[in-house]
Amino acid sequence: MRQLRFAPLALIAVAAWLLPYGLDSYAIHVVNVILIFAVLAIGLGLCMGVGGQVNLAQVAFFGIGAYATAILTTRSGYGFWISAVLALAATVAIGLVIGTPALRVQSHYLGIVTLGLALAFTNWVTNAEITGGAEGISAIPVPTLPGVDLSSEYLYYYLELIVFTVVLVFGLFVVRTGLGRRMRAMRDDALAAGALGAEVPVLRMTAFLLASIYGGVGGVLYAGLIRYVAPESFSIANMFLLLGMVIIGGRQSLIGCVVGAIGLSLVREAFVDHPTVAQIGYGAVVVLVVVFAPTGLAGLPGRIRSWWSRRRGQPGTAARLQPFQPYPALAERADAEEVLRVTALSKQFRGLKALDDLSLTVTEGEIRGIVGPNGSGKTTLFNVISGLYRPTRGRVEFRGRDVTNQAPYRLARAGMSRTFQNLRLFGDLTVEENLLVALDRSATVDSWRYVLRPISVLRRNRDLHRQAREVLDRYGLTEFAGLPPKSLPYGIQRRVEIARAVAAGPSLLLLDEPAAGLNGEEVRQLSEIVRSVRDSGITVIIIEHNMGLVMSLCERITVLAGGRVIAEGGPAEVATHPAVIEAYLGDSMDDIPPVAEEASR
Amino acid sequence: MQVFLQTIVGGVSLGAVYALVALGFSLVYRTMGLVNFAHGNVVTVGAYLASTFYLSSKLPFALAMVIAIGVTGAIGLVIERVLRPLENRDFDLMLIGTIGFGIVLDALIIMIWGATGRAVPSPVPSAPIDVFGLRIRTYDLVVLAIAAVATVLLVLFLSRTKRGAAMQAVAMDHEAATAVGIHVGRSNAIAFMIGAGLAALAGGLVGPLLYVSPALGGALGIKGFAAAILGGFGSIPGAIVGGIAIGILDSFAAGHFQGYSELVTFLVFTVIIMIRPTGVFGERTVNRA
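Sequence order for the protein chains is A and B.
Numbering-wise (full-length UniProt numbering), the first sequence opens with residue 1 and increments by one.
Numbering-wise (full-length UniProt numbering), the second sequence opens with residue 1 and increments by one.
One chain only, chain B, in its complex shape (with noise of 0.2 Å):
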């Protein structure tokens, strides 16, 4: 029972990471039908910009992770002005495109930090908590706390303000929100900005829980990815539910299956889209179009 309850403790903190990614990918797929194949490299990004103003500039953490947000939004802004032209017209190009800054962001990771990669001490003090003898680290409760604030705030965004109204106007009938002037192409723009940015955020936290490499984002993409599906894509709680059960089902599979718990993961999630393609609480049917 207490290995049980520590395997999920362990998992709940990477789950939350997930969790950010999901949403990252969630917000720019009800926005625009896309999803963004580029975003596991915006992560990777976001986590080595994260580190080396953290550790190389000695910026106090907090700042290390705003700025590096900052310069995410901007690639995302990029991304979405590139391939405007195809937006509503053709997925699976708009897929492949993403597929190619993917490519591009790779490299240019490799090329700035190199192939190797850099461990990130934790910001706070890492003696861990002791709650009936389940250990917790604090980072870990660091981690749920951005990833909780976070939330809460892209939520009143998306609830609260003109710009957010505007951005689920563009999610339900992108023809219907242009008739009432809605600039569509702008609010993308934005979607894919705060996608970016969350992608960043999430980078940044999983740099001290795991090694910053240029493959972190490769699998964080995928697993935020199979969060995303799990929760029901485009869905902000389906979101958060979903990357935390990802994050559970990682550290068990971790626990019971060592090297092949990746292999073990993308089964399970391949299994899941195919007997429920629209996830916990999916509202849409799959093919949008």
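Isolated chain A (complex conformation) (with noise of 0.2 Å):
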């Protein structure tokens, strides 16, 4: 079976290495395009379809290699290689500037900025002095390799087919891997994955590099082969065709990439003397897929595969949710220290005071419950606690360090995990690959292991693969792995995000209402492996609107009323404290306390 897998591969890579002696010369030249379109095409799907960050500059990323080839061959007189390294270094550096504002903004906004820049390129190219102005650069000289003639554009094609090869493959190796996963985990909820520890501002920019890698490759390429540069090629038009071959294909997978850049750009050449007509065609061809298949033709076999299989009735395979098997125990220890100090904390959204001046702590292998009428401020308190918003006033220490202020994903490799009250499971990730982000610690940073030490990555990428079967196995929900999370009954989804949120290896664990929407049953199970993962040595917060649940978990109990802590004990003190009875049952209309806003607005 093994050898069978490869083979349609290894066709593919005959086929490649044999199709210039079928061409003509005008062929060969449009294959070659092809595959610099192809490179520009995986680079976009990197940072649109795995990364989420709308690119409209990819274009530009595309002229900047291509136009700092041409200055450094002509201008002066560096040697084809050098220029094309040093070209690669001006195009990553300037991808990286105009991927800042991905900090700030995302989606439309990013949308228009990168347009915009883009649009800024092509005005200075066609002005300033130093590119030639409209007519551009001529005469780059012909890239050199010992005894390898690249004017001749069979030999060209050869050299492109390798660095093709090259780059899809590393792209694929990043999408498979650690640093592709926490990036779709970002794309698919960004707010989630922080608070799972990815360095979310990292990560945008990580998308941006690899954008401006792949468009400055294709610029060299592009200036080496043509060996003219001028405005036109780098023009919006361009930019929206190589958008449209990314959505067509499939701007989630590499492969579709590829193919939506080879299939548009075949269909463009068929269409060469009308090219309007193919514009339009290409035009509403995205919007269908837009609206029809937004995976792309990268996601049609899986779509048909479900449409034949609905077709004929088979059900879905009939997974089951097997018992979870708790955590082996950790002896008690007497010494229990402080994990969490919130002092005099307050939080206040324009006119509405949700937190009140709030003060709490929480020592080492408590489970504690917070409870409190709606809109109490227990989300906020939780909020402000992980990081998401910042606090009016008022600190919070963690295991003994001020950490008032930082950053989700700085709280959560510093030991924080947390759960949602509307459940945020990655999407488009399936079960397992929700595992493994949380179980991912490596830093984005060390991402040059991807260049330098590839083997260590994949290394670690198996062995976070066997650690996460575990997790699978213990939670009892091995049968699930491969399915996409919103595929499950909600219960399960409850349990897939905990198991998340225990995985990321925390030393204090956050859980918003996790019995919301539980049944019996499934209340019973989440009081097992909340008590379980306590004695596996995680101090528990919870918040709960199920009083039996929170009565017979907790060993202490806080109390919220209006932003403030109005009681705080053991379960049969807070039932019977007057305070408490009268927050819930309430004694006159007018001390209702306001609603707090969620952490999802």
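What the hints contain is simulated information worked out from the structure, not anything from laboratory work.
Be careful, since some hints might not be right.
[Unchecked claim] Residues from chain B that keep clear of chain A, each with C-beta distances beyond 10 Å, as calculated: (1) Q2; (2) A165; (3) I236; (4) T270.
[To be verified] Sample of chain A residues at the chain B side, in silico, Cβ under 8 Å: (5) V105; (6) G111; (7) L117; (8) N238; (9) F240; (10) L243; (11) A284; (12) V287; (13) N374.
Built from N, CA and C at the ideal position, the CB exists for glycine as well.
Take each chain as given, in its own frame, and dock them per the hints.
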């Protein structure tokens, strides 16, 4: 079987190697241009499809690579390959600058900013003297390679083919290991990814870094192939063409991007005498794809398969949730330390005081319950503790360190983990990948390993998969490993989210209404899981409305109302506290606390 | 000082056009949280339609404009109807969908009117008026007056009519609006239609000011968007202030940086977004999600 899997690949490789023998000189030129577009499309796919960063400046990266090569070879007199390396460095530097708006804005805003910067680039090259103005730069020297005459487009094809294969394999390598997984997690839900320790700002820049590398490589290849650069090659029309390739092919799949690039280029070639007709055609296809097949051509096989199995009336495989296997309990320690200390915390939303001078301490090994009427500030408290909100006043100490105003991912890496009231699983990742994101604690800045020590990345990836299998097994989720979380029943999704939060290896676990929407049996299992998690040495704070669960599970309970602590103590103590009874049943209507905003807003 | 004031006067009428483009963007954005990337192309379509009816069919300028607004309004309806399945689901996909429409419109423009542009003569006598030594073209005054009337009508529509109030409700909370019986899709369609109409108005008005070519809308679209952001996206007074500000910035950049004026405008725009994504009158945070 294993040999058979590689058979199609080998076939494609042989076909690609033999391709030039069947082509005339014009056709090989077309193929060479297609390969360059394919490289650009992979870069755009990595940035937009994998990283979720709207990037309409890919064509500018392409242009910078090509223009820098042209300028360095013709004006400064460097050799082609030295120029190529310098051009790549220049593209990356400018790519990172163009990417900085991503740190502040996303989606539409990012689209328009990158588009504006791309226009600024074309404006510059058409006007500047060094770029030759509207005429561009011609007579770029032929790249030299000992023994190979690269002025022949047939031989240039092999150079491009090798570069293309390398960058495609590297792209796939990134997507399928930790870095790409984290980028995809960020794309699906940046908030949850941050809460699991993904360094969102660094990842956004990484997305633009990758896009600019691919853009620069494309530009260098273009300069070497055409040996002439002019502004119109890097126009917005070409940017949208590139976007069309990525969307039609399927932005989340690099292979899809390549297929889109090849397909659209061939169609354009077929309509070479009627470019406007071709343009109407691919514009319309882009619209149809986003409405009817958002995953593009790459998503078609999966859609056809699921349609087929639905037609044949096959129910989904009858995967069943297995029982939870408790963690081995740690010996109880007498010298319990303070894990969390919140001092005089206030949080104000314009006129609304969600937290009002709130103080709280939680010691190691506790299961602390936090209850209170709706709008009493429970979720706001979690959001401030886990770094999603900046408090208006007050401080948060975690394991003896002041962590007020720290970014969520830093807190997550320091050992804080949380779940969300309305489930934030990464929708386009499988259950197993959701866990892998949490398990992977390597820093994104260590991504140089992808270039210099790929084997160690692979080994680490294998390790993570092994750990993920253990977690799946422990939570009885093994049969759901390969499924997207959205396809699972609600109770199982809840369990996946808890498994994910614990997989991050925290010392403090924040659970925000984990029993919401669960049936009686599921609540019982939840209580078993939480107890076992605590026994394995993790301190738990739990917000819950299910009083039965809170009373049976928590040793200490803190009651909030109107953003303040109104009572704290053991279950029996709290239940009879007059302030608590008043807050829940109320003796007057005028002190109903205002509704606090949720994290998701 | 004279030159300074003259530059400002020169920027204001173009600024009014940017403001109209920005209003179209803002109206669609506040109703459905979407930036219509085809908006610039709709402006071009409007400019070509208005100039065609005015030049070739010899219709009065005002009538040519009304027809252009009607046709682009229909285009707006088509765009909204096709993308409706994605509404309130995936904004990134909708954004790409509007880019797709932009690609199609761009090609249609070239197909119908050709790749070369045309100059449109001013519909009013062109002798400039002299006010305290400043030369003001009469057409500039026409542009300002029409833009002002359009803005007042839009504000009245949004605040005084039932349909307008329904659109405001959808803008605030589309689910709650559905719950009280407002047809969200229809409300979005109207927003798109009015937005496209405003684009055509801007395009028709800008014809005699600039050269009408297929590339017209790209620059106008992005500058109109910059205006909308500068003022605070979704805010109507913001769109007006932002439009005039970008017009004046543009006018100064053209005077000082000549060919590089676009570069300067876009860089300034990027810096503004970085510093204050919500703009001057911005009320909402950037991420609606």
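Here is what the structure says about each hint:
The claim that Q2 (chain B) is not at the interface with chain A holds, since no C-beta of that chain comes within 10 Å of its own (minimum 28 Å). Annotated as non-interface, A165 (chain B) keeps its C-beta farther than 10 Å from every C-beta of chain A; the closest such distance is 24 Å. Under the 10 Å C-beta cut-off, the non-interface status given to I236 (chain B) relative to chain A holds; the minimum distance is some 19 Å. The non-interface label for T270 (chain B) is inconsistent with chain A: the shortest C-beta to C-beta separation is roughly 5 Å, within 10 Å.
A cut of 8 Å between beta carbons decides the hint on V105 (chain A): the least distance to chain B is about 5 Å, and the hint holds. For G111 (chain A), the suggested interface contact is upheld, since its CB lies about 6 Å from the closest CB of chain B, less than 8 Å. The criterion of a C-beta within 8 Å of any C-beta in chain B is met by L117 (chain A), whose closest approach is roughly 6 Å, and the hint holds. A hinted interface residue such as N238 (chain A) counts as satisfied when its beta carbon comes closer than 8 Å to some beta carbon of chain B; here the least separation is about 11 Å, so the hint is violated.
Interface hint status for F240 (chain A): upheld, as the beta-carbon distance to the closest one in chain B is roughly 5 Å, under 8 Å. Annotation: L243 (chain A) was flagged as interfacial toward chain B, and the flag holds, the nearest CB pair being 6 Å apart, inside 8 Å. A cut of 8 Å between beta carbons decides the hint on A284 (chain A): the least distance to chain B is about 6 Å, and the hint holds. Satisfaction of the interface hint for V287 (chain A) is found here, the shortest Cβ-Cβ separation to chain B being roughly 4 Å, below the 8 Å cut-off.
The beta carbon of N374 (chain A) is not positioned within 8 Å of any beta carbon in chain B (closest approach about 18 Å), and the interface hint is therefore violated.
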